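Number of protein chains: 2
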Amino acid sequence: MSSSQSKRPAADREAEGTPFDLKGYLGQTTRLVDKALSHYLPASRIKPATIHEAMRYSLFAGGKRMRPALCLAAAASCGGSQEAALAPACALECVHTYSLIHDDLPAMDNDDLRRGRPTSHKVYGEAMAILAGDALLTIAFEILTDTRPTQRYGHAAMVRELARASGSRGMIAGQVADMEAEGNQGVSLKQLQFIHASKTAALLTASLRLGGMAANATPRQLEALTTFGYHVGLAFQVVDDILDVTQSSDQLGKTAGKDQAADKATYPALMGLDRSKRKASYLTQKAFAALGPLGKKATALHALADYLLHRLN
Amino acid sequence: MSSSQSKRPAADREAEGTPFDLKGYLGQTTRLVDKALSHYLPASRIKPATIHEAMRYSLFAGGKRMRPALCLAAAASCGGSQEAALAPACALECVHTYSLIHDDLPAMDNDDLRRGRPTSHKVYGEAMAILAGDALLTIAFEILTDTRPTQRYGHAAMVRELARASGSRGMIAGQVADMEAEGNQGVSLKQLQFIHASKTAALLTASLRLGGMAANATPRQLEALTTFGYHVGLAFQVVDDILDVTQSSDQLGKTAGKDQAADKATYPALMGLDRSKRKASYLTQKAFAALGPLGKKATALHALADYLLHRLN
Numbered sequence: 002m003s004s005s006q007s008k009r010p011a012a013d014r015e016a017e018g019t020p021f022d023l024k025g026y027l028g029q030t031t032r033l034v035d036k037a038l039s040h041y042l043p044a045s046r047i048k049p050a051t052i053h054e055a056m057r058y059s060l061f062a063g064g065k066r067m068r069p070a071l072c073l074a075a076a077a078s079c080g081g082s083q084e085a086a087l088a089p090a091c092a093l094e095c096v097h098t099y100s101l102i103h104d105d106l107p108a109m110d111n112d113d114l115r116r117g118r119p120t121s122h123k124v125y126g127e128a129m130a131i132l133a134g135d136a137l138l139t140i141a142f143e144i145l146t147d148t149r150p151t152q153r154y155g156h157a158a159m160v161r162e163l164a165r166a167s168g169s170r171g172m173i174a175g176q177v178a179d180m181e182a183e184g185n186q187g188v189s190l191k192q193l194q195f196i197h198a199s200k201t202a203a204l205l206t207a208s209l210r211l212g213g214m215a216a217n218a219t220p221r222q223l224e225a226l227t228t229f230g231y232h233v234g235l236a237f238q239v240v241d242d243i244l245d246v247t248q249s250s251d252q253l254g255k256t257a258g259k260d261q262a263a264d265k266a267t268y269p270a271l272m273g274l275d276r277s278k279r280k281a282s283y284l285t286q287k288a289f290a291a292l293g294p295l296g297k298k299a300t301a302l303h304a305l306a307d308y309l310l311h312r313l314n
Numbered sequence: 002m003s004s005s006q007s008k009r010p011a012a013d014r015e016a017e018g019t020p021f022d023l024k025g026y027l028g029q030t031t032r033l034v035d036k037a038l039s040h041y042l043p044a045s046r047i048k049p050a051t052i053h054e055a056m057r058y059s060l061f062a063g064g065k066r067m068r069p070a071l072c073l074a075a076a077a078s079c080g081g082s083q084e085a086a087l088a089p090a091c092a093l094e095c096v097h098t099y100s101l102i103h104d105d106l107p108a109m110d111n112d113d114l115r116r117g118r119p120t121s122h123k124v125y126g127e128a129m130a131i132l133a134g135d136a137l138l139t140i141a142f143e144i145l146t147d148t149r150p151t152q153r154y155g156h157a158a159m160v161r162e163l164a165r166a167s168g169s170r171g172m173i174a175g176q177v178a179d180m181e182a183e184g185n186q187g188v189s190l191k192q193l194q195f196i197h198a199s200k201t202a203a204l205l206t207a208s209l210r211l212g213g214m215a216a217n218a219t220p221r222q223l224e225a226l227t228t229f230g231y232h233v234g235l236a237f238q239v240v241d242d243i244l245d246v247t248q249s250s251d252q253l254g255k256t257a258g259k260d261q262a263a264d265k266a267t268y269p270a271l272m273g274l275d276r277s278k279r280k281a282s283y284l285t286q287k288a289f290a291a292l293g294p295l296g297k298k299a300t301a302l303h304a305l306a307d308y309l310l311h312r313l314n
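Protein sequences, first through last, are from chains X and L. Per the working numbering, the first sequence starts with residue 2, numbered consecutively. Per the working numbering, the second sequence starts with residue 2, numbered consecutively.
Simulated from the structure, these hints should not be mistaken for lab results. Every value quoted in this text rests on a predicted model; they were computed, and no experiment measured them. Mixed in with the good hints, there may be bad ones.
Remember, identical chains collapse to one label, so a pair may be satisfied in a single copy or spanning two.
[As the list claims (entries may be wrong)] Here are the computed lysine-lysine pairs in the DSSO-like style, where the Cα-Cα straight-line distance is at most 27 Å:
no.	residue 1	residue 2
1	Lys280	Lys265
2	Lys278	Lys259
3	Lys48	Lys191
4	Lys48	Lys259
5	Lys123	Lys265
6	Lys298	Lys36
7	Lys48	Lys280
8	Lys265	Lys48
9	Lys297	Lys65
10	Lys265	Lys65
Pulled out of the complex, with its shape left as it was, chain X reads as follows (with noise of 0.2 Å):
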């Protein structure tokens, strides 16, 4: 391959046929959307330096910026430039973070380890902590504005995009769904499914759907890219459960076993590890399926869907 082919973007070579690179691609997105969110942050040495040092702390962990790569994705799924979902990506990965930072703290899942290092409340104490995950809320919706408005979506409908999927009726209500059927031993599949499609499918969708706004995408664009979100969210959160299980805490960067520890309602506690398997799949399946409409633009798409069953193997 030529230097001037290996220049051109991966999903144009695979239309041609050149599997997808997709280790490539993460590591284009991640490096775009670090040097963004870094711009973004204020510096560490604003006043007062340790909100800004816990903020970034947290940010650059080494998280794999599977929200931004999917933003990014979806605005190329919907014929727009990465830099048009630039912001979206950002905003989405402070929120991603700052519900990771509040939900290992000592009320909530009392970890110490995230991503193999010591969480927030570890290193910067409780209060600190609490602030941290608050402050990167707050500058997501900050960082929000700054995506250029499209011809059907303008700042209004971008935020409460984001504010509905990361609130008391999305993400928060499945973190609080999931506190209360912790040692419940009568979960049913639909509330576990409640939880799932609460807690992660809907910031994952959001994602999407945040990528899209800022493509200007058409109605049966963005619904494309709802179907699609939903089914990936829910298989991303069954194969965490299934890793849970099956990795160590080594090869997880966190303690793994702690849902079983818990007694926390999971796929491979309700319905056994080969099923929740059978179903991650399936729903990834269904996702594939759903991308459709989006045809050979949505290459980056349905290979980041591949890689979250990827993962299992």
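Based on the hints, put chain L in the right spot on chain X.
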């Protein structure tokens, strides 16, 4: 006074020499804001019920709705209607309430009482209190987008205004600096001013500016509201410091003497009670002066600032 006269807005009557009925004004704005807040907040029955109950518990806990009142009065001072500023007024109260819930947490100020009632974490537990705060902060931005954009100010400007004022360079900066100053004997007046300007004045100023923006304020009007807000905000915090020393828990509706017990940096601790009272008075005079360019339409704002001093009598 005939019944037709008594139905005219208090601000109009004041312009004719009748004393401004602040109690009536605050009653009217509180009813208006409470009705809108109840409309914006998810009903308690919406799943998961606990989070929506917790959000409402703290939001409808008898708060004085000072920020909404300032927001509505600011809109009026720029020739706008109360209705135009109702959404930002509600958003501001959600942000204020979230900050109180998180401030009261055991890891922060560890307060058991707020407005004479048990604090959120005493009723719902720490995890739920953290999430209720998170959810109120999140919904604030959703509510804010219900503001009708004006010729000069779009949704992006409004969202940025709220995020800046409440984030790590605003209210949260003040909370962090306050925590870091605790028990530190060497806090300077400059540092204390930074704490108060960030912790209180930033959100009060945003309350006024958002009211102005919703009323399509001219740059000169917005500047007047900003100067007014900065001085009222500082005065408000100085008064709060003084009340903590001079009033009982019953009078305050929260635990009195907490600042002194925690060895907190306060104006009374740094410059004594008498000089603190003079400082509060001076700041309020500066605030009054800033209202000049707004003319007679600023009557309600004037009365609100006056009220902040009268709390001391």
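Right, here's what the structure says about each hint:
1. In the homo-oligomer, the alpha carbons of Lys280 and Lys265 lie at most 27 Å apart inside one protomer (18 Å), although the nearest pairing across protomers, at 55 Å, exceeds that limit.
2. With identical chains, the CA atoms of Lys278 and Lys259 are at most 27 Å apart within one copy only, with a shortest distance of 19 Å there and 54 Å across copies.
3. For a Cα distance limit of 27 Å, the shortest separation of Lys48 from Lys191 across copies, 13 Å, qualifies, whereas the shortest one inside one copy, 47 Å, does not.
4. For the identical chains of this complex, Lys48 and Lys259 are inter-copy neighbours only, at 26 Å across copies versus 37 Å inside a copy, given an alpha-carbon limit of 27 Å.
5. In this homomeric assembly, Lys123 and Lys265 come within 27 Å of each other (Cα to Cα) both inside a single copy, at 23 Å, and across copies, at 24 Å.
6. Within a single copy, Lys298 and Lys36 get their C-alpha atoms as close as 25 Å, which meets the 27 Å cut-off; across copies the closest is 47 Å, which misses it.
7. When the C-alpha separation of Lys48 and Lys280 is checked against a cutoff of 27 Å, the pair qualifies only between copies, where the shortest distance is 25 Å, while the shortest distance within a copy is 49 Å.
8. For the identical chains of this complex, Lys265 and Lys48 are inter-copy neighbours only, at 19 Å across copies versus 40 Å inside a copy, given an alpha-carbon limit of 27 Å.
9. Taking the shortest alpha-carbon separations for Lys297 and Lys65, only the intra-copy value of 25 Å comes in at or below 27 Å, while the best inter-copy value is 57 Å.
10. Taking the closest pair of Cα atoms, Lys265 and Lys65 come within 27 Å of each other only inside a single copy of the chain (25 Å); across copies the shortest separation is 41 Å, beyond that limit.
Consistency note: the structure conflicts with none of the earlier hints.
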